[in-house]
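Asks: Respectively, the protein sequence lines represent chains A and B. Just so we're aligned, residue 1 is where the first sequence starts under my numbering, counting upward by one. Just so we're aligned, residue 1 is where the second sequence starts under my numbering, counting upward by one.
Don't take every hint at face value.
When the alpha-carbon atoms are kept at most 27 Å apart in a straight line, the in silico DSSO-like pairs for lysine-lysine are as follows [what the hints assert, rightly or not]: (1) B:97 x B:56; (2) B:140 x B:50; (3) B:140 x B:56; (4) B:326 x B:50; (5) B:78 x A:69; (6) A:117 x B:326; (7) B:78 x A:11; (8) B:68 x B:78; (9) A:11 x A:214.
Derived from the structure by calculation, the hints contain no laboratory data.
Each chain, letter by letter, is given below.
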Amino acid sequence: MTEDVRPFVVKDCTLVAIATGDRAQNLKELRERLLTIHPGSIYYHFWGGHLRPKFVDPEYNNDFAAWVKHALHDTALAERLAIVDPTWFPNIEDLRKEVLEIIEERLDETEWIPWAKREEQFHFIRAQMIIFSTRCLIKRPEDLLRMIPHLSEGSIFYHFIDARRRTEGGVNDFCAWLHLFGERYQDLCARLCAIDPYFVTLAELREELLSVLKGYFQ
Amino acid sequence: MTELLETYAPIAGAEEIERIRQLSQHLRGARVVHVNATRVGGGVAEILSKLVPLKKELGLEVHWEVIKGDRDFFHCTKSIHNALHGTHIDISSEMLKHYEETNRRNAEELQPLLREADFVFIHDPQPAMIQRFIPERKGKWIWRCHIDISHPYRPVWKYLRESLLSYDASVFHIADFAHSLPHLQYVIPPSIDPLSEKNIDLPEEEIQSVADRFGLDLERPMIIQVSRFDRLKDPIGVIHAYRLVKTFVPSLQLVLAGGIAADDPEGEAVFEEVTIAAGNDPDIHLLLLPPDAHRTINALQRMAEIVLQKSIREGFGLTVTEAMWKGRPVVGGNTGGIRLQVINHHTGFLVDTPEGAALRVRYLLRHPNIREEMGRKGRRFVRENFLITRQLREYLTLMLILLHGDMERLEIGG
Numbered sequence: 001m002t003e004d005v006r007p008f009v010v011k012d013c014t015l016v017a018i019a020t021g022d023r024a025q026n027l028k029e030l031r032e033r034l035l036t037i038h039p040g041s042i043y044y045h046f047w048g049g050h051l052r053p054k055f056v057d058p059e060y061n062n063d064f065a066a067w068v069k070h071a072l073h074d075t076a077l078a079e080r081l082a083i084v085d086p087t088w089f090p091n092i093e094d095l096r097k098e099v100l101e102i103i104e105e106r107l108d109e110t111e112w113i114p115w116a117k118r119e120e121q122f123h124f125i126r127a128q129m130i131i132f133s134t135r136c137l138i139k140r141p142e143d144l145l146r147m148i149p150h151l152s153e154g155s156i157f158y159h160f161i162d163a164r165r166r167t168e169g170g171v172n173d174f175c176a177w178l179h180l181f182g183e184r185y186q187d188l189c190a191r192l193c194a195i196d197p198y199f200v201t202l203a204e205l206r207e208e209l210l211s212v213l214k215g216y217f218q
Numbered sequence: 001m002t003e004l005l006e007t008y009a010p011i012a013g014a015e016e017i018e019r020i021r022q023l024s025q026h027l028r029g030a031r032v033v034h035v036n037a038t039r040v041g042g043g044v045a046e047i048l049s050k051l052v053p054l055k056k057e058l059g060l061e062v063h064w065e066v067i068k069g070d071r072d073f074f075h076c077t078k079s080i081h082n083a084l085h086g087t088h089i090d091i092s093s094e095m096l097k098h099y100e101e102t103n104r105r106n107a108e109e110l111q112p113l114l115r116e117a118d119f120v121f122i123h124d125p126q127p128a129m130i131q132r133f134i135p136e137r138k139g140k141w142i143w144r145c146h147i148d149i150s151h152p153y154r155p156v157w158k159y160l161r162e163s164l165l166s167y168d169a170s171v172f173h174i175a176d177f178a179h180s181l182p183h184l185q186y187v188i189p190p191s192i193d194p195l196s197e198k199n200i201d202l203p204e205e206e207i208q209s210v211a212d213r214f215g216l217d218l219e220r221p222m223i224i225q226v227s228r229f230d231r232l233k234d235p236i237g238v239i240h241a242y243r244l245v246k247t248f249v250p251s252l253q254l255v256l257a258g259g260i261a262a263d264d265p266e267g268e269a270v271f272e273e274v275t276i277a278a279g280n281d282p283d284i285h286l287l288l289l290p291p292d293a294h295r296t297i298n299a300l301q302r303m304a305e306i307v308l309q310k311s312i313r314e315g316f317g318l319t320v321t322e323a324m325w326k327g328r329p330v331v332g333g334n335t336g337g338i339r340l341q342v343i344n345h346h347t348g349f350l351v352d353t354p355e356g357a358a359l360r361v362r363y364l365l366r367h368p369n370i371r372e373e374m375g376r377k378g379r380r381f382v383r384e385n386f387l388i389t390r391q392l393r394e395y396l397t398l399m400l401i402l403l404h405g406d407m408e409r410l411e412i413g414g
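With the rest of the complex left out, here is chain A (with noise of 0.2 Å):
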């Protein structure tokens, strides 16, 4: 059966970043564009760090708690908004109305609306992917330990991270791959399930996987 399974096709992707226009100046202009903002915004904003020039600042994993901390100097909404994992969520808007009951309750609880200063409005930005296909082919699952190391980042981005807004039950698609081999590799797709990627570094989340791995086949 196992033999029928086609090879893993390696992809890669790339980003480009698109300025929507949108921006907010105070804690109300942040909820009234987040009713209305491009799913693919809220994306960018959770996810988007991994791929575009940052500096890494491990306090604050999304932009918008970033920029509470940072423009608005509130410290309280900042660590709500950075606890939010978005890989708690099966899709965007469900993230989107996560992220806006948490900024409801805080404007619920202040008698006046943080403002930002001219300079540190927020931007919303959105992106546009480009995937393409790598000369790379894994045949058998045990090839997995040996590829990973070679694989850039954009395809550790595109199989373990942007995978999750595409395949079906939000699986990796290494995972969703090993699946098709029945259930002989439940444990191993158990144990990369189990990698958190939102508090690293696309270089430190390869690694992870690679150990994984290594644990598994060696």
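Knowing the structure of chain A, use the given hints to seat chain B on it.
Replies: Chain B alone, transformed into the frame defined by chain A:
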């Protein structure tokens, strides 16, 4: 063969080079024209001088055209430039007429090339109106803006905006510069070429010889600002900051090094103002360098303890990127693209006043270990984000997306 591109592999990584190759396969033979206002001097010319051969090597048919204009034209475009940076300048209708006429003449000359091109990148406001005089256009037209237009002087922006409406896309350095335009506005920060004369490692002897040439003492501390002599770069503010520090660090030397770009008619006047401000202080070195003095600038940046870029407005500030690549902490103006690069307390300090700059310079002069740590972080930050290979990849991505229409994701190559 992609030999030039290959030379970047040890720095940018073999994976990045492979990605660029993969993307470029889908653009082979595409005719691309870049149009700007100068072939030498300034960041745009520097980037194009390397991007163009790289794209050619990847199989694209690339042309780089420079518009022609007289002194009045460049006076007008400098005023437009300053107004877009927020300075209140009213430009006479005669000047604008001359601007339009010069654009028309250039359009006439370039028409055969531009009409047939698959992609036309128009850089900055100088040639922005060319498109209006080329009604039959085959390809996609992109306005590439290299300046900080976050708070423009409205009447001038309104005038220029009319010429931008029919473009297919705009590209800005950061999202803050985007405006209400009826097309997609992309965000692509610029980059430096780590292998260029301006950024490669230099032997100690060469650094010493440049120091000797300009009478600089490598045993004494030195700060530097490298930029065109332009009021928006605030050279007078830098001298003010230097004087504040000099009281506490008498051995300090200041170098203000730069050139006067061909499209900047105000440069000479500003240089004179700076000369007066410097007075007869033997430790202030004003160096008016030719546009090809790349190795000299490289050496000067390397001999400085701290690099300043105290701009009042700044599109990006490639001199900041260059300094960080050389492992130097940067004290930069809290504006535009400098804020994307100078991460407070990590790669340098952002300042709003000469006093702020003086304070940070004093602090850094006092703490060599912090300078070293910031320098290390800065170099890594540049390697990961601001090398020419990243910009090349993003340009290729942009062109592919424009070819295929506005889709959130595009899968190519099966």
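Asks: Hint by hint, note whether the structure agrees.
Replies: Each hint, compared with the structure:
no.: 1; hint: B:97 x B:56; verdict: violated (36 Å)
no.: 2; hint: B:140 x B:50; verdict: holds (22 Å)
no.: 3; hint: B:140 x B:56; verdict: holds (19 Å)
no.: 4; hint: B:326 x B:50; verdict: holds (19 Å)
no.: 5; hint: B:78 x A:69; verdict: violated (38 Å)
no.: 6; hint: A:117 x B:326; verdict: violated (33 Å)
no.: 7; hint: B:78 x A:11; verdict: violated (46 Å)
no.: 8; hint: B:68 x B:78; verdict: holds (15 Å)
no.: 9; hint: A:11 x A:214; verdict: holds (22 Å)
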